[in-house]
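Put together the whole structure using the sequences plus the hints.
Number of protein chains: 2
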Amino acid sequence: MITREEQRDAQAYAAEQLAAAGIVLTDADRGAIEVADFGLSRLREQGLMLLVYVNTDRYCAKELVLYPGQECPEHRHPPFDGTPGKEETFRCRWGLVTLRVDGREIVLHPGEQFTIPPDTLHSFRAGPDGAVVSEFSSTSRDELDVFTDPNVRRGTVVG
Amino acid sequence: MITREEQRDAQAYAAEQLAAAGIVLTDADRGAIEVADFGLSRLREQGLMLLVYVNTDRYCAKELVLYPGQECPEHRHPPFDGTPGKEETFRCRWGLVTLRVDGREIVLHPGEQFTIPPDTLHSFRAGPDGAVVSEFSSTSRDELDVFTDPNVRRGTVVG
Numbered sequence: 507m508i509t510r511e512e513q514r515d516a517q518a519y520a521a522e523q524l525a526a527a528g529i530v531l532t533d534a535d536r537g538a539i540e541v542a543d544f545g546l547s548r549l550r551e552q553g554l555m556l557l558v559y560v561n562t563d564r565y566c567a568k569e570l571v572l573y574p575g576q577e578c579p580e581h582r583h584p585p586f587d588g589t590p591g592k593e594e595t596f597r598c599r600w601g602l603v604t605l606r607v608d609g610r611e612i613v614l615h616p617g618e619q620f621t622i623p624p625d626t627l628h629s630f631r632a633g634p635d636g637a638v639v640s641e642f643s644s645t646s647r648d649e650l651d652v653f654t655d656p657n658v659r660r661g662t663v664v665g
Numbered sequence: 507m508i509t510r511e512e513q514r515d516a517q518a519y520a521a522e523q524l525a526a527a528g529i530v531l532t533d534a535d536r537g538a539i540e541v542a543d544f545g546l547s548r549l550r551e552q553g554l555m556l557l558v559y560v561n562t563d564r565y566c567a568k569e570l571v572l573y574p575g576q577e578c579p580e581h582r583h584p585p586f587d588g589t590p591g592k593e594e595t596f597r598c599r600w601g602l603v604t605l606r607v608d609g610r611e612i613v614l615h616p617g618e619q620f621t622i623p624p625d626t627l628h629s630f631r632a633g634p635d636g637a638v639v640s641e642f643s644s645t646s647r648d649e650l651d652v653f654t655d656p657n658v659r660r661g662t663v664v665g
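Residue numbers (our numbering), protein chains in the order written: chain A, 507 to 665; chain B, 507 to 665.
Hints should not be assumed to be uniformly reliable.
Identical copies go unnamed one by one, so any copy, or any two together, can satisfy a pair.
Claimed, not checked - Okay, derived cross-link-like pairs now, SDA-like style, lysine to any residue, Cα gap no bigger than 25 Å in a straight line: (1) Lys568 x Ser547; (2) Lys568 x Gln513; (3) Lys568 x Thr595; (4) Lys568 x Thr604; (5) Lys568 x Arg647; (6) Lys568 x Thr621; (7) Lys568 x Phe620; (8) Lys568 x Phe653.
Worth flagging that the hints you see were computed from the coordinates, not collected in a lab.
Here it is as structure tokens:
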């Protein structure tokens, strides 16, 4: 659970970081920034801010924004609807992000990218200045994600 | 046909415009910028610069860069391999781009986006300051594109 204030602060932070990365947002974009605490109630440590540009039944594109040191907990994208599950490419835009993919560690600086195969365990954590990361992928179905930590809930309660 | 100098100038221009849009490139990215004149030998009027980030058998992401007033000629992405053809979302990052989609005109400023259905005729032209446009899509198979102008050739001869 996060408070309304945490949500508002995180949205404002994400909008600022996207602007720092040169990414222009509309007012509608700013209002659509999702704040996810993964049900762990420690947003600054475990969580993520997301802006989905498009998510069709064929492809998806998002911006991900992380607080300094914030981590998106380990998970995988399982097969669904006869597809092998979500395949995704992370391209770092600002700051630094460290991916852990099947136990391997990959550090991405701005301009560097890495593609994670479907149904493969991964997590990622921002460096000391936070991170802005573009995600290009096949269709996104966040509600199907399988997390290693059984306490994770993909939906975030705000109240 | 374009000269080596036209190619080099266009790559340098594209790298500068991407930097102006806040997009960080690696040296490998800069070397991979494609310059397309569509076989019309009037690059500044009819053409496009492209940087492909990723193109898997499921999704694709590119940056498109246009000279001031430069147009990508009308074409469509036909069905292939049992798919309905490429579906693509254009998001303007810098400058201004005018899309023509099935006769309809859509002007995109930075932060604005539009999704073009598969197999639908479209062209696009940059405004007076040029344009940087992110393209998110299903798999890209440029060689299958069907152009309205029979003189168009998708491959560009440099010499």
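We went through each hint and held it up to the structure:
1. Lys568 x Ser547: This pair counts as within: shortest intra-copy Cα distance 23 Å, inter-copy 36 Å.
2. Lys568 x Gln513: within (19 Å within a copy, 32 Å between copies)
3. Lys568 x Thr595: both (11 Å within a copy, 12 Å between copies)
4. Lys568 x Thr604: both (18 Å within a copy, 23 Å between copies)
5. Lys568 x Arg647: both (13 Å within a copy, 23 Å between copies)
6. Lys568 x Thr621: For lysine 568 and threonine 621, both the intra-copy (14 Å) and inter-copy (15 Å) Cα distances are at most 25 Å.
7. Lys568 x Phe620: both (15 Å within a copy, 15 Å between copies)
8. Lys568 x Phe653: Classified as within: same-chain Cα gap 20 Å, cross-chain 30 Å, threshold 25 Å.
The structure agrees with every numbered hint stated previously.
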